[in-house]
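Enquirer: Here is what each chain is made of, one letter per residue.
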Amino acid sequence: MSVSDHSPDIAPDIAPDLSPDIAPGGRSFPGARRPDRSYWVSSGGLPIATYEWGAPDAPPVAMAHGGFDFAGTFDVLAPMLVAGGRRVISWDARGHGSSGHAELYSWNADLRDAAAVIDVASPDEPMVFFGHSKGGGMMLDLAHALPHRLTHLVNIDGLPSKNNWPDLADHERTKMLRGELEGWLDHRREVAAAQRHPGTIEELAARRMRMNPRLTQEWLEYLVPIGGEQVVDGEGVSGGWRWRLDAALRFGGFGPWRPEWSMQRLPGIGVPVLGVLGLENEMMGWGTKPADVIPNSPPVFRFEALEGVGHFVHIEQPEVVAGFVLEFLEANP
Amino acid sequence: MSTVEPPAAHEAQASSRNVIRLTHGKVRIALHLLREGWGRPLLLLHGLGECTPSNVPALAEPWPGPIYGLDFTGHGSSTIPTGGGYTAEILMADVDAALRHLGKATILGRGLGAYIALLIAGGRPSLVRGIVLTDGPGLVGGGIRPGTTHVPTVDTHRPGPPDPHAMAELSRDVRPTDYAIEYVRQIMQWSELDTPIAVAAVVRPEWLAAVVGEVGVIECPVADGLALFTDQT
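Going down the list, the protein sequences come from chains V and X. First residue of the first sequence? That's 41 in the working numbering, and the numbers climb one at a time after it. First residue of the second sequence? That's 142 in the working numbering, and the numbers climb one at a time after it.
Note that these hints are calculated values from the structure, not bench results. Where hints are given, some of them may not hold.
Said to hold, decoys possible - Each pair of labels, with its calculated beta carbon distance range: (1) W331(X) <-> E269(V): 55 to 63 angstroms; (2) H227(V) <-> R176(X): 51 to 59 angstroms; (3) R176(X) <-> P253(V): 37 to 45 angstroms; (4) P362(X) <-> G293(V): 50 to 58 angstroms; (5) N159(X) <-> K329(V): 52 to 60 angstroms; (6) D276(X) <-> F294(V): 25 to 33 angstroms; (7) D273(V) <-> P205(X): 52 to 60 angstroms.
In this text, a Cβ means the ideal position worked out from N, Cα and C, and glycines have one as well.
With the rest of the complex left out, here is chain V (with noise of 0.2 angstroms):
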């Protein structure tokens, strides 16, 4: 798959070269820096925003952002990698920031998606994989299913551990699936007309808050002209601002996965692994503690779990992430 193969026909609602955006905001934050070019790639036609920062020719960093969030999120910590050398590519998942909105989602489109996007950011050169979050689980499975594509792991607070979900008497189990269910399957019959609510960059990065409880307001202030757009009526008024995330998409939810399975990939991972867990407890965040990793360590292992650290650990501490990235990637050539 090649960008200019598939660039013609897969956005039929985006002009073929009109590139993913990458203007500054209009907020500023310290160390952040938009990325130095984007393009689209096709994944199974669905257009997906991909972002680089860097020199073309140096070697490759794939980072994949968690749940909720988009490339912009690693605007602070793409440039210090940069700094150390490093070509940095993240991309915005199906339904977040500029990425296509799809009729369907699901943990296996998004490998794909990701899979996508390594093959045409760097067709020959193995690269290192980085995740946050859900981000870090889509690239311990990516490990197993594309192993000739990676150098190394990086895994930023994303290995979900099943000994931190609370065990439930059956009685109560059912209950609170049922309320599931029909929650999720109500949201499902009122998707179609679905919209995020609007409102000012204020109002949305107070709203954002509440669910990175640890950042500032003026990083999410930062964001939210980069993952949001402003909602224009029909005679050109502004009417706020809005994330451009799709509203089909729900925070939670149920389905056959258990947690363990993605803890349950680390110890075959046959690369360098680098682990970066914050202690802090977060409702975004697993609850994983270093017991529950330890013994499922590969065989090349380093491991930090930060004390005082929520699970936005490379916002929260960009340079100590930096550096044990960079450091890691030296010690372990």
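Given the coordinates of chain V, work out where chain X should sit on it, guided by the hints.
Expert: Just chain X, lined up with the frame of chain V:
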């Protein structure tokens, strides 16, 4: 995002029958009226890669009420989405869209449709009065736990129907036994019937073997299963 519509000839064939177009999210799904009648409807759910048959199958003939068939997303006359992303749960919501239109129904599911029948009966117990599960494509699924991770290559130059993404993804969906049992218990907790699940399938993948072991499940031929649910209360 635009979608790939089924070929025109296929649409023409579909429109020659009684087809009701329903919306589920960004997808249009086709609900076929196969036979008119009075009373509670029987809803047929097809197997993986199949579509609603043109005529009432012989097994369903004795049903006294109207008979409908639903084409799942990516199958038959329903929308083929761009870029896949299928799960059994999304097909459960396809059926929920049909039940919103039909009201309370009995369901006869074959293959993949049998598994989806179990899910929707647990998801909407007040709208499902009895399910009959029988053999067909996609009955097994991807086993009870994930296998070796694999990113299937899908030939999108032949978009279907059936959607090749559906064939790749729904033949690998994981069906843990405890997950299937959770749905049985949902059904048992809120169904108005003592025996709301009839298993007519000869093949018993692990998820279905676990279902058969639960209270409220009977093993019998399709005709007997349908007969259990034919009263019109």
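Enquirer: For each hint given before, does the structure comply? Return the numbers of the non-compliant ones in rising order.
Expert: 1, 2, 3, 4
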